[in-house]
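Student: Sequence:
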Amino acid sequence: WDPFIDPESRISEYQVCITSVPGNCTITNYIDVGMNTSFTFHSLQLLHGEAYYALIKGTNEIGLSSERTTNRLLIDATPPVLKDTDNGPINTTHETPDGNNTVSPVLQLPPNNTTQGSNHIRFRCLEELLQADWDEFKDPESQLARYEWCVGTSQGLCDMVNLRSVDVKTKGAALVKRLPSGTLLFATVYAINGAGLRTRSVSEHCKVISIAPKVVEVIDIPTLNTSNLSDIDWKSMAESLSLRWEMIGRYVNDISRLRIQVAITQPSSNLSLPQINSDRSWRSEPLIHNFMDVLTWQRNVTIQGVALQAWERYRGVVRVWNEGGIYSESASDGLRIEPTAPPKRGLFISDKAAEQEPLRWLPNLRLPKVNDSALDSEIKYISSPGEVELIVRSGLNDSSNRTAFILDHKLFSPTKEFNIIVQKVTSEANETNTTEDFSVMKVFPGFTNPEGPCCTRRPVDPQSVFSDTHFKTAIPSQHFGVSIARLPNDHFAVGSADKAFVLPLRNRAASHITLLDDIVGSPTSPIIVVSHGNRSAFFANGKAYIYQSEVIDTGDLELTKTAVLGNCKTVSTYICATNNKWADNVKHAIAISQNTIALTGINSSTNASVVGVFQERNGTWWFAQALRRGKSDSDIGLSLTLNARILAVATGEGKNSCISVYSVESFTLHLTICMSELEDNTGSLSLYLTETDALIMVSKDSKSLKVLQLSISSKSYKNVCHLDFTPNERLSGYLDVSARDGSFIIALGMQTLDGRDGVQLVGFHGIYTDLDLEKCVNLGRVVARESGFRVDDGIPRTSVSFDNDTVLFGAPNVVTWPGQGEDSGTGRVYVATYCPTNHVRVRVSQIKEIGSVRCVPCEAGQKSFGGFVEMCSDCEGMSCSKPQSDDPFSFKSSICDSFSCPSGSMVNNSTNGMNFSFPNDSFFVPGPENLYTIQLLETTRAYLSTSSLSESFVIDPTSPETGIVYDGLGSDPNTNCSDNSTFGEDSQCSTRNFEETDVDYTNNTREVHARWLDFLDEESDIVEYFWCVGSKPMHDDIRQCESTGLRPNGSHDGLHFGQGDSYYVTVVACNGARRCSATHSDGVTIDTTPPVMEYVRDGIMGPDMDFQV
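Under the UniProt record's numbering, the very last position in the sequence shown is 1109; numbers go up by exactly one each time.
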């Protein structure tokens, strides 16, 4: 306490006591303390929760005293407790912050070394940020004074973050130096009350994870309620998509520390969104279902409530986050939606045996086909299933436009296979009970797109896509991307109006190079970049700076300057004498090959152009030759291109433009090609020479391209192909060529009418050869996905580079940064991935990589055109249709497997009837009690099925049984027995037996008549008779076989028989299965002369008698 004051007699002593009631000493008596102003009481028995006071009395020299009482002092012997008592026990410590100990008679506290993980504290440990939050504590006696927390590498240790106070806040955070992945940390929190007692809580361990597990596979699966968890490419129309994924990584077991999200995109949508618009797109693909969290242990999910559109393509995306906000992601290859099952097809049964039956009877009998109207309209009969052919058609009524309909409606696309199934219904004798059975006879693959990669080598319809990503400078640079060149190790060089850059194409961690300040351009004379192999040239202010590229141990690209080429013939001289110059100035035309560089210069005095050629030998560059046409030519070298053998130089403009072709070795002019020789080509020309001496000429004025094949040995050329472009494609004149599998693909810089820069791709040679039309193949185009505000004169200046599977194109006149002005920079470089054949584009996400698209090969049995394709086509076992047919997606098939059809046949030599035999275990059983129907089960790749049925049929394996054929009418020709139904209304009848009326001789030379009976077919009945007349049995050389329908007789007149001629009537009976048997009459001989009478004698025998008794 502060000293009491008494000015007169001063204080002589102090006395103190402890009381529970102010004004009385109830706990202790007064204790003399002399002149001390502080005192400590010992051995007190104070009670927890009770209030106490100290009473101080000061006495002066004359014995007068004054008293003062302290503020209330509440005894608190317990540490703080959780405010929510239902949260369970908490670990505490009785160590006070100042090191003094206070014992609570009420609560037994654990010792200091007893600490356990607590769920009352949540701890997050990131690479550089540690965060903890905890449940609130309370202290009803002395109130909660503050919280203190720390972080350590073991429980209760504070070696990572020292103990620090956060007042009464229930959370704390601390920045630390970057922690390595796998570090285990614990957070400790002390809740301290007014008495200095504290309760300690220790978190569960937290493992620092600075990288997220890699999502290695995302596939589309049918549903979660199926055993088939393999990838699918087609799905039936629904409102849900199911995904499955796998992850790998060092800390994949710590998945509880991670976060998994899934989403669905629509890559086939025509809508393109900027990549930075992450709430609506993923990798510029519109999101149709936003990212949503799933349980961390899940490896598959079904996303419902998705509005799917027919035939459109969708893909699932899986993203895995760590606590530091770093994520890895991957997407499926996508699937397409099939709206409905395919339409029913038309099935037609063709009995090849029946159709070929007349051929069996040749050459002796020319048998007509059985009249279709004679057949049973309700049931079809066949003789042998092995001779039956099933014809499957698309089921359309109008066959004139059937091909277009199928292609437009993609009827071919989803079909996976066709199953030919034969159904059998067997009726018992009383026909009241039936049994059903079926057998799968054939399985055929479905049709694939006849214009797809399974059936043809190149695409029919060119694609138009958006770029994958783009580069732009962080420092202000004008006309960035005015020129581009690919360098080794996935690097590329970019020219601008002020600087030249070398950038990594893939590796985000690789070094970026800005070339030295001596390589400086200007808005009117920007830096031009060209390269060949590991050699590159940067052309600026009339000089070409030559660099050699080398990949160093760190994987970075190192550039070494080897020479500076200018207008001086002596390469090493910086100050060039007038007589040592090959040109006064060097223009912006440059070409490079293995060891040769060509530049275009100009002589100021004559304004004549000249081409200077430099070559490198043994590491030293030297001036080789100056090429000029005349002293006053000012237009030579407007465009240059060269390879190891040829240098081509463009001269002149318009129809006066020509191309001079020189030998690189001797610089001899071998060939001059002028536009007057070529149709529809005008200058100015941009040139490119391939390694195979193919010369590509592009005229941006006439919007045309032409490819010539040069021959230096014969000093000639021939046309390869040409292509004219539409007014919507404005060419910039820049081009590059990539060789691929014996073909070449040209990349042409262009600009659309709406101001988007892009690249037009054209193929020639190899799979793109078109000998008939001599037309180069349009392969589609890629345009800038995010096109900014333009600051130019509207003239296209799109630069381009194409190597391997990467197309780069520069848009130098687009404002670099959205929302910024021209002063912040202009120009961007766009990237697009163009894949080889049988590869597809797959979107990937790697922390250390820049690009988002890679080319991956198709799986076995699949093909693709490559290019911009993102899905392979299943080709294994698939059928290619014939586009020239009326119904290209029809096919024919037998209906038998290798066991079910007849194993043999037998021909009756006398009747020529054919009978078939069946194996004992055959599925096919003859007889009218067995009714067969062919079912075509068409299953799509989305596993939707449609059944189509044929007409039913019964098997009759035997030919008819033959009867007897009689010659002649059989009675008086004037007699008409129309009421005799036995032989039909046109039959001649007789009361006599048919056999008695058979004719063996006749004098009728003009008519033939015959009758027959007893022909029989018990299975399918006789449906038609044919009767034939021949000079021999079973021949029809006199009268060709003709039908009598079901009438068992026939007559012919108008014939011309001669004396002694003979004829035979052959009757062919055909049953419902159109199988036939035949028999013939015993023949008729023509006798037109009466008998010769030699004499007539009376009497029975002997000489003539004149008298008789």
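Simulated from the structure, these hints should not be mistaken for lab results.
Check the hints yourself; a few may be wrong.
No farther apart than 20 Å at their CA atoms in a straight line, the calculated lysine-lysine pairs in the PhoX-like style are these [stated by the list, open to error]:
| hint | residue 1 | residue 2 |
| --- | --- | --- |
| 1 | K543 | K581 |
| 2 | K703 | K344 |
| 3 | K207 | K177 |
| 4 | K171 | K83 |
| 5 | K214 | K177 |
| 6 | K472 | K352 |
| 7 | K543 | K472 |
Across the chosen pairs, the derived CB separations fall in these ranges [said to hold, decoys possible]:
| hint | residue 1 | residue 2 | range |
| --- | --- | --- | --- |
| 8 | G819 | R280 | 44 to 54 Å |
| 9 | G1054 | V1096 | 16 to 26 Å |
| 10 | D1104 | D1037 | 24 to 34 Å |
Backbone N, C-alpha and C define an ideal beta-carbon position, used for all residues, glycine too.
Student: Could you run down the list of hints and mark each one as holding or not?
Tutor: Against the structure, the hints:
Between the alpha carbons of K543 and K581 the distance comes to roughly 13 Å, so the proposed pair stays at or under 20 Å and holds. At most 20 Å may separate the alpha-carbon atoms for a hinted pair to count; K703 and K344 exceed this at roughly 48 Å. For the given pair, K207 sits about 15 Å from K177 by alpha-carbon distance, which is consistent with the 20 Å threshold. The hinted pair formed by K171 and K83 meets the criterion: a straight-line CA distance of about 15 Å does not exceed 20 Å.
For the hint pairing K214 with K177, the CA-to-CA distance comes to about 25 Å; that exceeds 20 Å, so the pair is violated. This hinted pair does not check out: K472 and K352 have alpha carbons roughly 71 Å apart, beyond 20 Å. Under the criterion of a C-alpha separation no larger than 20 Å, the hint pairing K543 with K472 is inconsistent with the structure, at around 26 Å. G819 and R280 have their C-beta atoms about 19 Å apart, which leaves the hinted 44 to 54 Å range violated.
Evaluation of the 16 to 26 Å hint for G1054 and V1096 yields a failure: the beta carbon distance comes to about 40 Å. In this structure the hint that D1104 and D1037 lie 24 to 34 Å apart at CB is violated, the actual value being about 50 Å.
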